[in-house]
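Based on these hints, arrange chain G on the given structure of chain R.
One letter stands for each residue in the lines below.
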Amino acid sequence: MEHEKIIKHLDHALEKQVPDVWDELNKKIDLLGDEPMTIKEKKSSSRRFLFTAAACLLVASSLTFSPVRAAIQNVYDKIFSSEHIDDSGLKSALINGMGQEINQIYYDKEHDITVHFNSILMDDKEAKLLVTYESKKTDLKKYYLDLFEGFTSMNLVAGNEDKKLKNIGWGSRYYDEKANKVAEALSFESISTFQGDEVHLKVKDLTIHGKKGAKRVETVWPLDFKLSKEAVGERETVDVNKEFSFKHETYQVKRVEFSPLETRVVVTGTDIKPHFENGVAYDVFNKLQLQLLNARKFDKGKGYTVDYNKSGVFLNSAGKMADPIFSKAEADGPRDQYVLYFAPVKDRQNCVLQVGDLKINLR
Amino acid sequence: MTQTSLHQLKTSVDPRDEFKQLYIEHKKHVFAMALSILRDFELAEDVLQEVYIKLYRHTKDNQVTNVRAWLIRVTRNTALDLYRKKKRELTGFDDQYFERLEYLSEEPVDKIVLSKYLALLDSGERQIVIMKDISGLKHKEIAKIMEMPLGTVLWKYQMALKKLKKGLE
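These protein sequence lines map, in sequence, to chains R and G.
The first sequence begins at 1 in our numbering and counts up one residue at a time.
The second sequence begins at 1 in our numbering and counts up one residue at a time.
One chain only, chain R, in its complex shape (with noise of 0.2 angstroms):
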C-alpha cells in the first residue's frame, strides 16, 4: 500500500475514533468560571474578526455572560468560609489564607454529577477536603459524602494498597437547592506525613439519607496531587494541669493544643470513662460534655452554632470568644479523656475557659 493511502486510511480511522466529549468538557468549564481571554491563532480574517469582536466584548462590557459566572464561582469559593458551613476553626483556616488549591474536576458519568475538589488543609490530627458536586439530573438534595454516619469512605492508596482513613467528626455540608449542587468539608485524619510526595485519594460511595434509612450509591471519585506545604499547618501543645469542679465532679484540664485548624482542650474527670454494664462498655454523655453542649443551636441552613445567651463551654483569648466546633464534638478518642474543640486562637497565651460561671486560666 501506497504511503498516501496509508496515512489516509489511518486518517480515516482515527476520525472514527475520537469522542465527543464536548458537553463533559463544557461543565467542567462551567466550574472553572472566568472565560479564556485571549487566543491568537493564524486565522482566516473573518475568524480574527470574530475573536477581536468577542475579547471587545469582554473586555468592554462586564455585564455580558462571563461575570455572572465568575459571580457564581466566586460565591462557591467562598462558600467555605461563610456562615453555612459549622466549622469556625476551617473558615478561620481559610480566611488567613491557609490551604492548597486542588482544583481538580472529576465527571462521575454513571451518576451525572460533576465533581470540583477545591482544596486540601490539614494539621497533624485532621485533614480537611473541601468539595463542591452538583448535577443537571440526578438531584442531590439527599446526597452526603457521610464519612461519620454513611457509607461514604475516604482511602488513601498506597502502593497496592487502599487504607481507609478514619473520620474526624461529621464534616459539614451545604445544599444549596437552586443550582442542585452541594457543598462538603470533608473531615479525616491527617495525610501531613505525605508533605512532599503524590498522594492518591478516592472517596468511595455516596450516602443517601433518606425518609427509609441509609442507601449506599456505589461510585469511586479519584483525587491525585502532590501534597505542599501551604496544605500543612503546625501544632503547638501545652502542658496545663489545672483542676476544677463542676457539678460535683472534679476535671483537670490537662493540656491545650493550638492549630490553624483548631483548638483542643484535653481533659480528664470523674466522670469521664466508660459505663459498664452486664460486663459491657458504653461511653456516656459527661457532664461537661453535656454544659457544651448546652449552648449548641441548630439551624437548617447554618448547621450547628453556638447561642452565648445560654450557659455552655467556651473559650476566650484575649477577651474574644472562640467558637465551639459542635462537628467534631463526638470524635473519636481515648475513653479516658474528653476533649472541647474550639476554633483558633489569636493569642495563645491568654486563654480562660469558660465552664458556665467558672473561669479557668489556661496558662
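Some hints could be false.
[Stated by the list, open to error] Covered by chain R, per the in silico footprint, the following chain G stretches (three or more residues, Cβ under 8 angstroms): (1) 27 to 35; (2) 40 to 49; (3) 113 to 127; (4) 143 to 152.
[Claimed, not checked] Listed next, the in silico PhoX-like pairs over lysine-lysine satisfying Cα-Cα at most 20 angstroms (straight line): (5) K165(G) to K132(G); (6) K27(G) to K16(R); (7) K132(G) to K8(R); (8) K20(G) to K8(R); (9) K302(R) to K78(R); (10) K166(G) to K5(R); (11) K138(G) to K8(R); (12) K166(R) to K202(R); (13) K8(R) to K116(G); (14) K16(R) to K138(G); (15) K273(R) to K247(R); (16) K5(R) to K162(G); (17) K5(R) to K132(G); (18) K138(G) to K226(R); (19) K5(R) to K54(G).
[As the list claims (entries may be wrong)] Ranges between beta-carbon positions, derived for each pair: (20) K164(R) to L80(G): 24 to 34 angstroms; (21) K54(G) to D112(R): 48 to 58 angstroms; (22) L80(G) to K254(R): 21 to 31 angstroms; (23) K54(G) to Q195(R): 20 to 30 angstroms.
Read the hints as simulated data drawn from the structure, not as lab findings.
All C-beta atoms in this analysis are idealised placements derived from N, C-alpha and C, irrespective of residue type, glycine included.
Just chain G now, with coordinates in the frame of chain R:
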C-alpha cells in the same frame, strides 16, 4: 441576511463558541497524539478532556500563537505523565492494560491500518507519524517537541513508514 441580523450575530459572539470551534478543529490531533503514547482509547479520551481544560485555563492569562503545536506539546506531556503514573500503579501488570481498543470505523482497511499502526510501531515512531501526517507539523517542529536531533526524527519517520508498509503487504 439583513444588516440588523448580521450586526446582532457579530456582537453576540460567545467565546465559548470560539473555544468549541478550537475543540472541533483540533480534537483529532489531541486524541491521536494521546493514543499514540497510551494505546488505550479510554485513557486517550481522559487526556483529550484534560488537555482542553489546560488550554482553557492557560488562555485565561496567556496568549497562544500556535494552538495546534501547543496542544500537541501539552498532550504529549500529559499522556506521558499518565502513562508513567499508570505503570507505577499497575506494578505487576504488563502493557496489556493499556490496550483497551475497540475499533469504530466500519471500513475494514481503516481498522487494519490503525491496528497495525498501534501494534507494529514503537511509541516514538507512532508519535512522529501522527505529528507529521495527521497534524501536519514540520520535521523541525517535531524534533523540537520530541527533543531529538532532526536527523533522528527523519530516520525514525522513514523506519515507521517502512514497517507499516511491510505489515500491510
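Which earlier hints can't be squared with this structure?
4, 8, 14, 18, 19, 21, 22
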